[in-house]
Amino acid sequence: MTVRFAEKELKELIQEASQGEKYPLAKLISELEKPDSFEFRKVLFKELENSGFNGDRSVTIGFTGTPGAGKSSLLGEISTNFLQTVPDKKMAVVAIDPSSHISGGSLLGDRTRLSLPVREKRIFFRSQPSQLELGGLNPYTYHVIRLLRCFFDFIFVETVGIGQNEIEVSKLADLSFLVMVPLGGDQIQFMKSGIMEVPDAFILNKCDEESLARASFHTLSTTLEFLRDIVPGGSIPPIFLTSVKTKKGIQELLDFVLKSKPHPKRSSETKVQIEKWIKTEYGNFGLSFSEKLGNIPQKNYEDWESFFQSEIRKRLL
Amino acid sequence: MEKKDHILYDKTGNPSKEPAWIFRTYAGHTNAKESNELFRKNLAKGQTGLSIAFDLPTQCGYSSDHPIAKPEIGKVGVPINTLEDFRILFDQIPIEEMNTSMTINGTSMWLLSLYVALAEERGEDVSKLQGTTQNDIIKEYLARGTYIFPPEHSIRIIVDMYEYCLKRIPKWNPSNICSYHLQEAGATPVQELAFALATGMAILDAVKERNCFTHEEFEQCVGRISFFVNAGIRFIEEMCKMRAFSDMWEEITKGIYQVKNEKYRRFRYGVQVNSLGLTEEQPENNAWRILIEALGVTLSRDARCRALQLPAWNEALSLPRPWDQQWSLRLQQVLAYETDLLEYPDLFEGSRVVESKVKDLIENANKEIQKIKEMGGAIKAIENGYMKAQLVKSQAERLAKINNDELIIVGKNKWKEGIPSPLTNDPDGGIFKVDPKSAEQTLKVLSDVKTRRDAKKVAETLARLEDDARNGKNLMFASVECAKALVTTGEWADTLRKVFGEYRPSTGVEGQKLNLESDKVANVRSKVEKFQKATGARPKIVVGKPGLDGHSNGAEMIAVSAKHAGFDVIYSGIRLTPEEIVQSAVEENANVIGVSILSGSHVELAEQIFSELKHYKADIPVVFGGIIPQPDFEKLHSIGVKAIFTPKDYDLMDVMDRIIDIVSEKTPVLR
Numbered sequence: 001m002t003v004r005f006a007e008k009e010l011k012e013l014i015q016e017a018s019q020g021e022k023y024p025l026a027k028l029i030s031e032l033e034k035p036d037s038f039e040f041r042k043v044l045f046k047e048l049e050n051s052g053f054n055g056d057r058s059v060t061i062g063f064t065g066t067p068g069a070g071k072s073s074l075l076g077e078i079s080t081n082f083l084q085t086v087p088d089k090k091m092a093v094v095a096i097d098p099s100s101h102i103s104g105g106s107l108l109g110d111r112t113r114l115s116l117p118v119r120e121k122r123i124f125f126r127s128q129p130s131q132l133e134l135g136g137l138n139p140y141t142y143h144v145i146r147l148l149r150c151f152f153d154f155i156f157v158e159t160v161g162i163g164q165n166e167i168e169v170s171k172l173a174d175l176s177f178l179v180m181v182p183l184g185g186d187q188i189q190f191m192k193s194g195i196m197e198v199p200d201a202f203i204l205n206k207c208d209e210e211s212l213a214r215a216s217f218h219t220l221s222t223t224l225e226f227l228r229d230i231v232p233g234g235s236i237p238p239i240f241l242t243s244v245k246t247k248k249g250i251q252e253l254l255d256f257v258l259k260s261k262p263h264p265k266r267s268s269e270t271k272v273q274i275e276k277w278i279k280t281e282y283g284n285f286g287l288s289f290s291e292k293l294g295n296i297p298q299k300n301y302e303d304w305e306s307f308f309q310s311e312i313r314k315r316l317l
Numbered sequence: 318m319e320k321k322d323h324i325l326y327d328k329t330g331n332p333s334k335e336p337a338w339i340f341r342t343y344a345g346h347t348n349a350k351e352s353n354e355l356f357r358k359n360l361a362k363g364q365t366g367l368s369i370a371f372d373l374p375t376q377c378g379y380s381s382d383h384p385i386a387k388p389e390i391g392k393v394g395v396p397i398n399t400l401e402d403f404r405i406l407f408d409q410i411p412i413e414e415m416n417t418s419m420t421i422n423g424t425s426m427w428l429l430s431l432y433v434a435l436a437e438e439r440g441e442d443v444s445k446l447q448g449t450t451q452n453d454i455i456k457e458y459l460a461r462g463t464y465i466f467p468p469e470h471s472i473r474i475i476v477d478m479y480e481y482c483l484k485r486i487p488k489w490n491p492s493n494i495c496s497y498h499l500q501e502a503g504a505t506p507v508q509e510l511a512f513a514l515a516t517g518m519a520i521l522d523a524v525k526e527r528n529c530f531t532h533e534e535f536e537q538c539v540g541r542i543s544f545f546v547n548a549g550i551r552f553i554e555e556m557c558k559m560r561a562f563s564d565m566w567e568e569i570t571k572g573i574y575q576v577k578n579e580k581y582r583r584f585r586y587g588v589q590v591n592s593l594g595l596t597e598e599q600p601e602n603n604a605w606r607i608l609i610e611a612l613g614v615t616l617s618r619d620a621r622c623r624a625l626q627l628p629a630w631n632e633a634l635s636l637p638r639p640w641d642q643q644w645s646l647r648l649q650q651v652l653a654y655e656t657d658l659l660e661y662p663d664l665f666e667g668s669r670v671v672e673s674k675v676k677d678l679i680e681n682a683n684k685e686i687q688k689i690k691e692m693g694g695a696i697k698a699i700e701n702g703y704m705k706a707q708l709v710k711s712q713a714e715r716l717a718k719i720n721n722d723e724l725i726i727v728g729k730n731k732w733k734e735g736i737p738s739p740l741t742n743d744p745d746g747g748i749f750k751v752d753p754k755s756a757e758q759t760l761k762v763l764s765d766v767k768t769r770r771d772a773k774k775v776a777e778t779l780a781r782l783e784d785d786a787r788n789g790k791n792l793m794f795a796s797v798e799c800a801k802a803l804v805t806t807g808e809w810a811d812t813l814r815k816v817f818g819e820y821r822p823s824t825g826v827e828g829q830k831l832n833l834e835s836d837k838v839a840n841v842r843s844k845v846e847k848f849q850k851a852t853g854a855r856p857k858i859v860v861g862k863p864g865l866d867g868h869s870n871g872a873e874m875i876a877v878s879a880k881h882a883g884f885d886v887i888y889s890g891i892r893l894t895p896e897e898i899v900q901s902a903v904e905e906n907a908n909v910i911g912v913s914i915l916s917g918s919h920v921e922l923a924e925q926i927f928s929e930l931k932h933y934k935a936d937i938p939v940v941f942g943g944i945i946p947q948p949d950f951e952k953l954h955s956i957g958v959k960a961i962f963t964p965k966d967y968d969l970m971d972v973m974d975r976i977i978d979i980v981s982e983k984t985p986v987l988r
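So the sequence lines, in the order shown, correspond to chains A and B.
Here the first sequence is numbered in my numbering, starting from 1 and rising by one per residue.
Here the second sequence is numbered in my numbering, starting from 318 and rising by one per residue.
Derived by calculation from the structure, the hints in this document are not laboratory data.
Just to be clear, a hint being listed does not mean it is correct.
Cross-link-like lysine to any residue pairs, in silico, SDA-like; alpha carbons within 25 angstroms at most [unchecked claim]:
(1) B:Lys-934 to A:Pro-117
(2) A:Lys-245 to B:Glu-700
(3) B:Lys-983 to A:Arg-4
(4) B:Lys-850 to A:Ser-100
(5) A:Lys-248 to A:Gln-84
(6) A:Lys-247 to B:Asp-811
(7) A:Lys-11 to B:Gly-853
(8) A:Lys-42 to A:Arg-4
(9) A:Lys-245 to B:Asn-791
(10) B:Lys-983 to A:Lys-248
(11) B:Lys-850 to A:Arg-4
(12) A:Lys-121 to B:Asn-791
(13) B:Lys-847 to A:Lys-121
(14) A:Lys-11 to B:Asp-936
(15) B:Lys-931 to A:Glu-9
(16) A:Lys-27 to B:Glu-896
(17) A:Lys-27 to B:Gly-853
(18) A:Lys-11 to B:Ala-854
(19) A:Lys-245 to B:Tyr-820
(20) A:Lys-42 to B:Gly-853
Some, not all, of what chain B presents toward chain A, calculated at C-beta under 10 angstroms [stated by the list, open to error]:
(21) Glu-335
(22) Gly-883
(23) Glu-904
None of these values were measured; they are calculated from a predicted model.
Beta carbons: idealized from backbone N, C-alpha and C, even for Gly.
My request is simple: use the sequences and hints to build the entire structure.
Set out below in structure tokens:
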């Protein structure tokens with residue numbers, strides 16, 4: 001198959017990427033986005049660990065919501081504020097767009113709505129086609145995020161979600177937002193159907209006009225109040241009112257993000273992702289088998305992947 | 318005396334002849350001095366009006382000394398920085414006697430301010446000024462791309478101009494609804510009717526909302542709205558379209574806006590015939606196309622344009638030479654003065670065929686207008702991307718029809734064999750090129766003005782402009798003061814950018830599909846699949862539209878067809894810097910960069926792109942597409958461009974086929 005990087009070359013790429021060089025990082029990401037990336041991942045993440053990059057302190061933020069909610073433009077504003085107000089931190093954005101069902105190709109248009117400074121090493125933007133995956137994530141998004149965590153303090157993941165699958169991103173985010181527009185009656189219905197347990201916070205975007213914004217805020221908070229019983233701990237997630245047009249609420253939102261901490265137990269995230277992978281590869285059969293193995297202790301993803309791979313194969317044969 | 322149906326009578330009942338329409342050529346290039354000479358020569362040749370083309374920096378609100386302006390100075394029109402350039406441009410031209418059309422939109426208020434300032438400086442009676450500032454910002458969002466501010470602020474500027482002109486320059490048309498570029502962008506006659514009339518209504522609604530006029534004054538405003546329409550090759554249909562326009566405008570102004578004075582309800586329009594259908598192949602055939610298209614808007618008296626400008630036969634190759642423009646002017650003169658065209662009443666009155674066709678167009682256009690109204694009007698239909706997406710769709714359908722020979726274009730997809738045209742055999746290759754050194758003169762005038770002018774006055778007038786913009790005052794007054802203080806185009810626009818912000822509209826390509834299923838598609842897709850199997854990833858293309866040229870059709874078509882072929886496509890719309898395009902390609906680790914340029918700045922932009930790639934140490938193949946003359950191919954290749962596509966390469970899958978080959982060649986396993 002493809003030519004992988006030689007050891008020395010890989011070390012160089014990692015060093016350059018850690019210094020904010022865009023092209024080496026882009027090349028590493030492309031390798032992770034390939035279906036047979038297992039061996040490469042093993043080497044890459046071991047090498048990263050040896051070089052002292054583990055990504056434990058980095059925060060992953062998920063932005064999901066229906067198309068047209070203005071997620072990209074909002075991220076654009078957040079990036080601008082981030083670069084101006086947090087001079088010692090770095091951020092990356094992964095934006096996922098749907099692929100065509102006919103040709104498999106995709107049009108990745110999120111850059112249109114983000115005007116990013118040129119040659120700025122503190123920000124990195126990458127598009128990803130969804131590859132027809134449900135839930136708006138790409139099969140390789142998780143690995144790309146693991147890599148980006150090694151070099152950036154904040155990783156924003158933007159996904160298009162329609163319906164229940166919107167929540168997928170929350171499984172790999174430390175903090176996830178559901179972005180909505182004012183007076184979305186349908187969205188309230190849809191929250192009642194269960195999604196409201198998932199986001200850590202809500203954003204009412206496109207609040208260009210004050211009275212409409214306030215009305216929507218009250219509708220939403222009343223609905224959340226009503227559903228308080230099913231929220232673990234009974235607390236209501238915060239609601240942000242934002243407008244890209246009037247710059248309303250952007251800094252507050254950014255401050256909230258900056259204050260958030262990475263999830264204390266990344267191993268639970270690894271478990272979720274391993275289970276997801278098993279389900280994709282071996283269906284319910286694999287999953288039922290993996291349950292018998294109990295909890296996954298602290299161990300890296302690739303070790304677990306190869307462990308399950310060989311165990312399941314053994315049983316299959 | 319018995320009146321005969323075939324004779325045209327004047328108001329007194331005497332047999333008469335219609336006066337000819339205004340003959341214009343869309344002209345301007347290099348710098349103010351050269352353009353002034355060109356204008357004076359054209360007027361001496363019998364041209365009866367001026368139609369000024371401005372260069373892209375002037376249109377987009379940048380002074381010539383701005384970095385983004387550099388590759389574009391004087392390329393597609395004349396650069397105008399300060400009042401000094403207008404003094405040079407109109408030297409020895411009596412502006413009080415002229416009918417001057419300015420194709421300018423985002424900065425129309427600024428250019429009109431310069432014109433007013435010049436007239437006042439010359440001591441002319443300003444109220445006598447006659448002409449048009451195009452100022453149709455909606456079609457800029459949709460098709461041509463020289464917008465600056467967001468829709469609401471752009472509309473405000475237009476209304477300011479109506480308010481100012483009504484009292485001070487009553488014969489000026491402050492805006493002109495230009496559906497010309499919609500057809501160039503692929504609009505069908507129905508779409509052209511509907512989108513243009515919906516735009517007209519959006520302007521009238523905004524004028525009404527300002528509530529600064531009496532009803533009588535409002536009627537006068539309605540009377541000042543003019544249209545600039547495209548006439549295509551299906552000339553019978555086009556003539557019917559013009560008749561439909563008149564009927565519908567009458568209905569709209571009378572019914573919705575209660576305009577009582579008949580004079581103010583008249584659909585007044587100028588025409589430039591279609592350039593989209595002109596071919597690079599066998600370019601001499603374009604002469605016939607231009608004649609036939611001109612007939613559509615001159616044949617029938619009830620649907621005859623008030624002013625006409627014809628493209629030159631070689632416009633699909635590059636900029637026309639003065640001789641080419643002269644040839645087009647002569648065509649108008651032959652038509653108007655040698656033939657008997659102007660001697661008859663309307664030839665098609667009572668024609669059942671024409672009436673039925675007009676009715677059909679009206680019905681369909683009304684349906685479309687209804688749809689736009691339900692969305693909340695033209696501005697909303699821009700903001701939500703509806704109109705743009707419709708145009709991209711129509712254009713894709715048109716190209717698909719050319720590809721599968723459903724639409725015949727002589728010399729292009731049929732009867733392709735021919736003898737090379739002797740017209741292109743001149744040592745200049747049959748095309749005009751702007752002297753790359755000519756920008757120096759423009760820059761010198763600009764820097765002279767900057768040292769000479771009163772800096773304090775500049776700062777004061779700009780501060781007033783900013784205040785007025787924030788406080789909702791009419792911006793014309795401050796703009797004229799700025800003009801007199803020798804403020805530059807860039808300074809004027811930057812001040813307003815600061816208050817209004819800059820706009821990035823929808824690209825219209827999301828969700829587009831190509832109805833193109835042929836062996837070619839299958840072939841390209843199989844190559845894509847092979848690439849994917851070998852590398853584990855789909856090929857990725859960054860489609861870039863650098864610089865100020867906003868004609869994004871080509872780029873959009875390539876983006877849509879690349880997706881159709883199975884590529885992952887990154888397309889971010891127009892007016893990107895080469896630095897931004899390369900950064901996208903680097904971050905995305907793209908396999909190829911496709912750049913589209915129509916303004917003639919391909920060499921400069923290629924140099925910038927390759928120097929930026931060098932900065933990132935990125936080895937990504939680059940292909941170019943656009944109006945690129947053959948003599949420049951070698952230069953582009955030497956800079957590093959892998960392939961060049963021109964309008965000759967109209968088959969989108971052929972283009973994708975070459976691109977996937979280039980991408981695959983880069984991949985060791987596929988070689």
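We went through each hint and held it up to the structure:
no., hint, result
1, B:Lys-934 to A:Pro-117, "holds (19 angstroms)"
2, A:Lys-245 to B:Glu-700, "holds (13 angstroms)"
3, B:Lys-983 to A:Arg-4, "holds (16 angstroms)"
4, B:Lys-850 to A:Ser-100, "holds (18 angstroms)"
5, A:Lys-248 to A:Gln-84, "holds (16 angstroms)"
6, A:Lys-247 to B:Asp-811, "holds (20 angstroms)"
7, A:Lys-11 to B:Gly-853, "holds (22 angstroms)"
8, A:Lys-42 to A:Arg-4, "holds (12 angstroms)"
9, A:Lys-245 to B:Asn-791, "holds (23 angstroms)"
10, B:Lys-983 to A:Lys-248, "violated (47 angstroms)"
11, B:Lys-850 to A:Arg-4, "holds (15 angstroms)"
12, A:Lys-121 to B:Asn-791, "violated (43 angstroms)"
13, B:Lys-847 to A:Lys-121, "violated (35 angstroms)"
14, A:Lys-11 to B:Asp-936, "holds (20 angstroms)"
15, B:Lys-931 to A:Glu-9, "holds (20 angstroms)"
16, A:Lys-27 to B:Glu-896, "holds (19 angstroms)"
17, A:Lys-27 to B:Gly-853, "holds (13 angstroms)"
18, A:Lys-11 to B:Ala-854, "holds (23 angstroms)"
19, A:Lys-245 to B:Tyr-820, "holds (11 angstroms)"
20, A:Lys-42 to B:Gly-853, "holds (17 angstroms)"
21, Glu-335, "violated (49 angstroms)"
22, Gly-883, "holds (4 angstroms)"
23, Glu-904, "holds (5 angstroms)"
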